[in-house]
Amino acid sequence: KNQVEQSPQSLIILEGKNCTLQCNYTVSPFSNLRWYKQDTGRGPVSLTIMTFSENTKSNGRYTATLDADTKQSSLHITASQLSDSASYICVVSDLSGYSTLTFGKGTMLLVSP
Amino acid sequence: DTAVSQTPKYLVTQMGNDKSIKCEQNLGHDTMYWYKQDSKKFLKIMFSYNNKELIINETVPNRFSPKSPDKAHLNLHINSLELGDSAVYFCASSHVGGQAEAFFGQGTRLTVV
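Same order as they appear, the protein sequences are chains P and C. Numbering (our numbering) for the first sequence: 1 to 113. Numbering (our numbering) for the second sequence: 1001 to 1113.
Among the clues, some could well be false.
[Claimed, not checked] Taking lysine to aspartate or glutamate pairs in the DMTMM-like style, the calculated list, with each CA pair at most 25 angstroms apart, reads:
id, chain 1, residue 1, chain 2, residue 2
1, C, Lys1040, P, Glu5
2, C, Lys1052, P, Glu5
3, C, Lys1022, C, Glu1082
4, C, Lys1041, P, Asp69
5, C, Lys1036, P, Asp94
Hint data in this document are derived by calculation from the structure and do not stem from the laboratory. Here the structure is a predicted model, which is why all the values come from computation and not from measurement.
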């Protein structure tokens, strides 16, 4: 069964600090992995997408890594801002005809001043 | 210019009632989805439609019936609402394909009292 596990479940950091969120998956066959940011009361918005051959991808202060061998991904946030407070969801797509998405439960990040 | 819009944003209703949530996308996507996000913030797929055809139907009670009049709309009708149906329901859409990004609506917070 396809699964996506994220850690930590929640995280509190001081503004300006860096943090790293983890994602492990067992989705097969693997197509791609996305990190989504979900602000409170809003729908998730895609931050990065990574395919099998990509090891790292950046989007501003967000850098995602992927190790397809160990089936792990991380999302590193640099110089955190208050607006980074949100839930970060790892989503893995398989290679079925309609690319079924498997969602992690998310990591709730709180950046405090 | 809202890409995926759902109405209403908030819905409070009594147990046993029947209610509908509407969703429309103006992105020209072929595929639309309904997701349920429970109190633990876990996003779980309920249905997926491709060109008005049901593709994915997870283990959702028969009280939930999606209807797609055209590929730009996917409405969710819920009969005989129960307390456990209280959650945030997200509509999403995407192109078909492995790297297609799912775009989410803002969510409908359903509260059954």
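Status of the hints after comparison with the structure:
1. Lys1040(C) / Glu5(P): 14 angstroms, holds
2. Lys1052(C) / Glu5(P): Distance ~32 angstroms between Lys1052(C) and Glu5(P) Cα, so the pair is violated.
3. Lys1022(C) / Glu1082(C): This hinted pair holds, its Cα atoms lying about 19 angstroms apart.
4. Lys1041(C) / Asp69(P): Distance of about 29 angstroms is beyond 25 angstroms: violated.
5. Lys1036(C) / Asp94(P): Holds, because 20 angstroms separates the two Cα atoms, which is no more than 25 angstroms.
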